[in-house]
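First to last, the sequence lines map onto chains A and B.
According to my numbering, the first sequence is numbered sequentially starting from 1.
According to my numbering, the second sequence is numbered sequentially starting from 1.
It should be emphasised that the hints constitute simulated quantities derived from the structure, not laboratory data.
Hints are supplied without guarantee of correctness; some may be wrong.
What the hints assert, rightly or not - Straight-line Cα separation of at most 25 angstroms, DSS-like style, residue types lysine-lysine; simulated pairs:
| no. | chain 1 | residue 1 | chain 2 | residue 2 |
| --- | --- | --- | --- | --- |
| 1 | A | K224 | B | K2 |
| 2 | A | K206 | B | K15 |
| 3 | B | K8 | A | K127 |
| 4 | A | K67 | A | K77 |
Predicted model only: the values in this text are computed from it and were never measured.
Listed below, chain by chain, are the residues.
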Amino acid sequence: MNKRIALAGNPNTGKTSLFNKLTGLHQKVGNYPGVTVDKKTGVFKVEDTTFTLTDLPGTYSLFPHSKDEEIVFEALKKASENKEFDKIIYVLDANNIERNLLFFSQLHDMGLPLILAVTMNDIAERKGITIDFDALKSCFSDVTIVYVNPRIGLGIDRLREALKTDNYQQKDSFYSEEIKSIILTDKAKQQEDTNDRFRKIRQILKTIFRQEKKDNIQNSGLDKILVHPVFGYLIFFFLMFLMFQMVYSISEKPMEWIELLFEWISSTVNSLLPEGILRSLLVNGVLAGLAGTLVFIPQIALLFFFIGLLEESGYMSRAVFLLDKWMRPFGLNGRSVVPLVSGVACAIPGIMATRTISDWKERLITILVTPLISCSARIPVYILLIGLVIPDKTVGGVFHLQALALFSMYFLGFAGALLVAFLFKFILKTKSLSVFMLELPELKVPLLRNVLIQIYMKVKTFVLEAGKIIVAISIVLWFLSSYGPSSFSKKEMSFSEKLKNTDIPIEDSYVGIVGKSMEPAIKPLGYDWKIGISLITSFAAREVFVGTMSTIYSVETEDDDPGRLIERMRQETDAQGKPVYTLATGLSLMVFYTFAMQCMSTMAIVKRETKSWKWPLIQFSFMGFMAYFAAMLTYNIFS
Amino acid sequence: MKLSALKKGQKVIVKRVISSEFSSKLIELGFVEGQVIQFLHSAPFGGPKAFQVGTYMLALRNSEAAVVEVEMVENE
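Next up, chain A with everything else stripped away, as it sits in the complex (with noise of 0.2 angstroms):
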């Protein structure tokens, strides 16, 4: 037999808790149509009974004021005429009775069949909270209440029992259809309807409910100096800079691992397979783009490992308390600021965290600028331009003319990606009615089962979605790059023969072409066409940009000592007999790379957060533009 239950309740409840305590790790993330909020959804079995739980996001009323909330009062609605849900489990918070039967008694009145599970009531107690629950009961009929503790698994085994024997009957209906419709488009009916439910509540309450100290928020003294005016912003640059530092260290050996265990792959391919299509497509195709995607995985797990403990114990509402000032006339929320700080370390992460940021015109800025800011894969190419342009001398006695320049493509990228938001905060048409209302919840100690269960979903979500995409344009690319024309041209060649020589130099396959081609367009920058055959292949990633160079100058070379591809860069001269790599030349490049969208895994992640290619093809677009016109004004400032 199978049963359709959803949880809803409001925010900050311990819902999220309660799902992962009864789906564990049988979890699924879909779309719901047209909007942009994930569908989780989780499996459980209680005996012969599988019970498919779906996860609404949580509101505070039936009443929508935003396309998030929509979905939830059309769940609830399809529900009521018996179609999407056979039971709803309604979560409630001991500490916040009266705001949490708003939405409970909208719930009820609309007859669907109820579960209360009620949570935090420790946290209640020891606030001097009693609340008589039998009382309860008997203003709302037919509603079994249970009490749970996700943490300790408490009252977990009473639920399941509850969802196995309970009455799945529809009630009759206190919002008839006429007076559905009139609440939904009239808001002054609403307000009426919802000031009458809360006089109602309180009536309830009077004799239910008893509080014998007054004090109601823990903490407090902990919440005065997060939120201090100097000390909040220290503490928040502080977390910050460990949680860059953490994701930056830590992840550096296992994405090191990954790396070496597809070049060992890549190798035992090598030696059991001929020489020929089917290993140059497994090797340079299909391995290339696996490897592309699995090396993001210590980078996305670690940040969402920071970005978990941030959101569970509370603290990420203070730092938006802080930070919404500063990051509004950007057109940005205060929680776009984890977005960003994690861009340093690789903007994949940073835009799948953009999640938390509800309003969805804050959020879009937020995806479309988070790519500009400079990431680790920017690190080699910088660190190769700098190297071969730059002298490494110190003027002024402490400033060091390499890392001067380092700093400032940092500096650049950021002052980009801010100027950027600015100007999408007026040219992006969507209304938005940017609310804030944010609820500051009790700091507690984060639930380390939460934490796992959403880096364990996070990563999954990008190898299953952004992997297919990135796998694809590896195979692509690694045609481009196999085949020219001249691979098809020779007519003694049968067609499988001319496939099977993927052994051409680069400069001869239709990336080489398109590089060639180009080069009157990037002549302005200070480009030569082979420069123009890196910039395409490192479309795939940023750091190809290297082997591609050292590939072209037939240099075998290591991402972190280009020594010897330095060399031989410098020695390249152009037709006149003049050096190709100058100092604008290479500052050129380096402003290039800091705004150009080279990073096909991120395209794919934005698409995936979108729901739509349009978003990434305008990025790329505003990102190249950017880039063309930045490098063209750098290399004539410094030429």
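Fit chain B to the known structure of chain A by using the hints.
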């Protein structure tokens, strides 16, 4: 007086929410007549303000707090 005009630490009760684009949501969050509110924290340079609304803590921007009419609690 308006909720946005409070001094830190002051305790008030809600009289009404002035009709505006924010009012439905504010009412749903518990800004109903008689609700006890205390101003707890503020972010610097005109940033959001944090209030205790009944039993929980909520942060509002000044523009949002400006539509809530409140009066001082006597004898507190």
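A quick look at each hint next to the structure:
| no. | hint | in the structure |
| --- | --- | --- |
| 1 | A:K224 <-> B:K2 | holds, 24 angstroms |
| 2 | A:K206 <-> B:K15 | holds, 20 angstroms |
| 3 | B:K8 <-> A:K127 | holds, 24 angstroms |
| 4 | A:K67 <-> A:K77 | holds, 15 angstroms |
The structure agrees with every numbered hint stated previously.
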